[in-house]
Amino acid sequence: MNGKNGLTALLLTGLLLPAFAGGPGFGAQKKTLENGLTVLLEKDPSSATTILQILVKGGMRAEPAGRAGLAFLTTRLAVEIPDSGKAQELIALATRISIIGQGDSSSIHIECLSSNLEPSLKVLSKIFLDPLFSGLRVDAVKRHMEHQGRVEEDDSVELGHLAALRAFFAGSGYGGSTNGDKASLDSIKGRDVSDFYKNTFVGSNILLCFASDLPEETLLSLAGRSFARLPSGNPVVLKPVPASELKEKSIRLERDTKQAFVSAAYRLPATSRRNFALATILQTALGKGQGSRLWPLRAEKKLAYNVNCRLTQWQEGGLIEAYLETDAAQADMAREALGALMSGFLDGGMTEEELLSAKTAAKADFLRDTEAKSRRVSTLALFESLGLGFEFFDALLSEIDAPGLDEVNAYIEEILAPENALEVIIGPKPAGPRSEGVILRSFWPVP
Amino acid sequence: MVNCLKRQFGKKPIPAAALLLPILVSAFGFWLAGPLVSEEAARFFVLDNGLKVFLLEKRNVPLVNVAAAVNLGSKDETPETSGSVHLLEHYILFRGTETRSGDEISRDIRRQGAYFNAHTGQDLAFFEISVPAAGADFALSNQKDILFHLKITREELEMEKEIVLEEFRQLEDDPFKYAASLAYQNLFRGHPYANPLIGEPESIKNMTADTLISLYRRYFVPPNCALAVVGDFSLQDMEAKVRRVFGEVRGEAPPPPDFAPAKPPDKAADIEIEMDVQKAYLVIAAPAPDFNSPEQYAMDVLTEILGRGVHPLLYSALNQGPRRLVETLRMAYQSHRYAGAVLAFLTLEPKNLGAAKREAVNYLRRTREENFSPQDIPGEAQMFAFDHLGSAKNELKYNAYQAQERGLGMAISLAQFMILREGQAESRYLESIDRVKSGDLRGVAGKYLGRVDYVIVSIIPKKAK
Chain A
1 MNGKNGLTAL
11 LLTGLLLPAF
21 AGGPGFGAQK
31 KTLENGLTVL
41 LEKDPSSATT
51 ILQILVKGGM
61 RAEPAGRAGL
71 AFLTTRLAVE
81 IPDSGKAQEL
91 IALATRISII
101 GQGDSSSIHI
111 ECLSSNLEPS
121 LKVLSKIFLD
131 PLFSGLRVDA
141 VKRHMEHQGR
151 VEEDDSVELG
161 HLAALRAFFA
171 GSGYGGSTNG
181 DKASLDSIKG
191 RDVSDFYKNT
201 FVGSNILLCF
211 ASDLPEETLL
221 SLAGRSFARL
231 PSGNPVVLKP
241 VPASELKEKS
251 IRLERDTKQA
261 FVSAAYRLPA
271 TSRRNFALAT
281 ILQTALGKGQ
291 GSRLWPLRAE
301 KKLAYNVNCR
311 LTQWQEGGLI
321 EAYLETDAAQ
331 ADMAREALGA
341 LMSGFLDGGM
351 TEEELLSAKT
361 AAKADFLRDT
371 EAKSRRVSTL
381 ALFESLGLGF
391 EFFDALLSEI
401 DAPGLDEVNA
411 YIEEILAPEN
421 ALEVIIGPKP
431 AGPRSEGVIL
441 RSFWPVP
Chain B
1 MVNCLKRQFG
11 KKPIPAAALL
21 LPILVSAFGF
31 WLAGPLVSEE
41 AARFFVLDNG
51 LKVFLLEKRN
61 VPLVNVAAAV
71 NLGSKDETPE
81 TSGSVHLLEH
91 YILFRGTETR
101 SGDEISRDIR
111 RQGAYFNAHT
121 GQDLAFFEIS
131 VPAAGADFAL
141 SNQKDILFHL
151 KITREELEME
161 KEIVLEEFRQ
171 LEDDPFKYAA
181 SLAYQNLFRG
191 HPYANPLIGE
201 PESIKNMTAD
211 TLISLYRRYF
221 VPPNCALAVV
231 GDFSLQDMEA
241 KVRRVFGEVR
251 GEAPPPPDFA
261 PAKPPDKAAD
271 IEIEMDVQKA
281 YLVIAAPAPD
291 FNSPEQYAMD
301 VLTEILGRGV
311 HPLLYSALNQ
321 GPRRLVETLR
331 MAYQSHRYAG
341 AVLAFLTLEP
351 KNLGAAKREA
361 VNYLRRTREE
371 NFSPQDIPGE
381 AQMFAFDHLG
391 SAKNELKYNA
401 YQAQERGLGM
411 AISLAQFMIL
421 REGQAESRYL
431 ESIDRVKSGD
441 LRGVAGKYLG
451 RVDYVIVSII
461 PKKAK
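Residue numbers (the working numbering), protein chains in the order written: chain A, 1 to 447; chain B, 1 to 465.
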């Protein structure tokens with residue numbers, strides 16, 4: 001095929017958008033152990049590795065008022081290696097452990113060679129079932145969380161995201177960083193940690209999600225042997241998340257940077273299967289890559305290298321942020337351009353062709369994003385924690401296909417309504433009179 | 001390596017240090033590492049026009065990933081053309097060809113559900129596309145169109161320059177990326193690898209369409225390129241498609257590049273830059289083996305031991321007992337055609353910066369004295385010694401397996417390998433790693449880290465006014 005005619009012919013036949021021969025289709029299975037522990041098993045022979053995510057339901061939303069950071073702190077301490085002997089065992093096995101804090105859950109993400117899964121779990125489950133919450137250990141992890149909290153704020157995109165979460169979800173667990181803040185970490189005592197552990201680290205509140213080349217029965221047996229001692233307990237009862245009452249429509253954070261971060265953020269409603277799919281379509285249409293609504297701010301208006309749309313979906317609500325990073329001197333121009341773009345999108349909605357393209361792109365992005373075991377396990381576990389069920393993993397592609405243009409445009413009208421909008425601008429102090437808005441510098445003030 | 005389009009799937013953009021997986025670059029034979037890919041599922045051939053092609057079936061996800069590597073990088077620039085390769089790479093990706101405008105390309109990419117990106121490195125430029133399997137024909141045709149039928153106009157070039165200047169500002173706000181860029185400029189001073197990947201604002205502003213056209217005509221020819229396709233297809237079908245789409249492209253090979261190996265820096269550098277940050281960010285850089293060096297395996301293992309995984313040795317050395325000099329640490333080994341670099345990235349309290357720099361460099365210099373394996377220790381003490389060597393080999397094995405799960409990453413590494421690899425691979429990557437002994441680690445530690453000339457770049461909070 002050569003030149004314009006060949007390519008055009010190809011594209012015309014492909015107007016015919018690319019068919020999806022099938023989803024990821026690894027077919028996870030769900031089992032329940034006697035102590036109520038849920039186990040998700042996905043057989044994936046693509047490599048001799050195993051990913052295990054231990055998901056503890058509750059997350060930031062289960063934290064008592066004024067104790068932000070408690071879920072992450074407790075989860076981290078639940079696998080904090082107590083002595084150098086055990087550390088060396090894990091190092092030798094090349095087992096990787098990371099902690100993930102989220103709105104409705106916190107997770108321990110474990111990656112290892114499948115041949116090392118059993119010895120790794122032997123060490124880890126022993127710590128997990130009987131963790132040590134000494135004052136020294138609690139303080140050490142708190143120090144690290146404060147450090148990470150400040151590093152998070154050194155990135156304007158992350159800082160803008162946190163500012164929007166705090167504005168929309170103040171007073172609920174969703175309203176801040178998983179690292180908490182200075183005041184909340186100072187207020188957390190050892191007793192808070194052990195109480196949180198006792199209430200949430202119970203069989204009926206925990207999900208083990210595996211992707212592995214090992215047989216399902218091997219994994220199930222291993223899960224039973226490793227976690228049978230976990231008490232059954234009760235699922236954690238979470239407080240409802242109150243409706244937004246935005247105190248400010250605009251937040252300005254001062255940073256002496258070369259670029260300014262300019263964002264339009266909107267709160268999303270509670271997550272359902274349909275809402276999840278609609279939000280994914282909206283995110284893709286608005287700001288994912290070439291041809292998105294935000295793209296002309298880069299390609300035509302030359303305002304930014306980075307234009308993007310970020311989606312955060314939790315059980316009782318979420319956030320969609322359309323943003324760009326621009327030369328600090330043209331922050332006002334970027335703010336106006338983004339405002340006009342969002343108004344135009346709200347007024348005109350999507351076209352049929354745009355919707356088709358957005359659906360195709362959203363489905364393909366999902367395939368790419370979950371190609372590797374690690375991300376797939378995280379996604380399966382996330383769907384469970386959102387209440388969508390792990391089966392949603394295989395249903396998402398058809399759920400994205402389901403809504404028609406009217407439904408999508410009604411959704412856009414609801415989500416992007418001006419009363420639901422928050423502007424966040426981060427950058428150097430403007431030269432002229434200060435614009436309206438809250439002026440902050442850090443959620444981690446100097447003590 | 002600089003991304004043309006900030007990566008938008010996944011939580012964070014992939015750090016430059018991780019863009020190319022060194023674990024895949026050492027031998028075509030890496031596929032024997034797992035059941036996902038086998039020798040029967042791979043095919044290498046060279047088209048009559050000189051284009052090198054590698055096909056690899058990976059049929060567990062309905063995606064096709066295409067990566068093209070061009071033997072053109074920042075090494076090929078002069079001070080006057082600094083940033084030209086990166087600017088050309090941007091132009092190719094976004095500004096249109098003889099048959100389609102940039103908008104039309106964007107629209108096509110969108111319709112096909114494609115992920116479309118490019119990167120500029122010191123040695124090579126990469127152009128990659130990932131599509132649902134049914135879009136394989138489009139992916140190949142699109143890559144041929146942008147790589148071999150570009151149309152460069154002054155108007156479009158001026159537009160793209162503004163975006164690249166925004167990328168430059170973004171770099172200046174990113175503590176680790178900016179520090180790593182400065183570290184490279186100082187580590188390779190006097191060698192083309194010191195050329196900043198994005199270039200300098202003045203040279204970008206002054207770049208002419210003629211400069212880019214000249215670069216494009218000289219280097220974007222089949223014998224100077226390699227194409228890797230990884231994904232859900234049959235080898236026979238894909239070979240036929242590749243031959244049909246790329247077979248008629250013509251062009252003469254440019255003269256082979258002639259660069260001397262980079263020499264180690266002749267003096268140490270200790271640079272401090274102020275930014276509006278709350279913590280300190282520290283990058284320590286040292287020379288390392290090049291892409292074809294047999295020492296690369298030992299350096300991979302050593303980097304793993306020193307700076308990756310649970311409690312890496314450098315981290316432990318800096319945080320002994322109650323003393324806690326750093327909070328986070330990771331290390332990367334990046335191998336290029338004419339040199340390599342090993343970089344440590346640390347975050348810490350600003351007040352600890354002086355001690356951390358001193359202690360880190362002192363420890364790295366002494367690494368050659370470490371016992372990495374129980375076999376290094378005589379007598380009963382051997383029973384209590386920790387096997388860092390075995391642990392790191394496990395880590396690298398895990399990395400190798402994990403890398404096979406990502407089709408696009410494999411395609412990029414294969415394309416890179418086809419251009420940079422010299423001679424036949426002596427053995428497969430994991431076999432080479434398995435043969436590394438403790439003495440080899442001390443050998444590379446002595447040769448590359450035992451020297452005094454480290455390059456250190458610190459990003460520190462702005463002083464209170």
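Everything labelled a hint here was simulated from the structure, so no lab data went into it.
It is possible that some hints are incorrect.
[Unchecked claim] Quick list of in silico lysine-lysine cross-link-like pairs, DSS-like style, CA-CA up to 25 Å:
#, chain 1, residue 1, chain 2, residue 2
1, A, K301, B, K205
2, A, K142, B, K351
3, B, K462, A, K258
[Unchecked claim] Reference excerpt, derived from the structure (chain B facing chain A, CB under 8 Å, subset only):
#, residue
4, L63
5, R111
6, Y115
7, Q170
8, Q278
By construction, the Cβ of each residue, glycine as well, lies at the ideal position given by its N, Cα and C atoms.
Structure versus earlier hints - violations, ascending order: none
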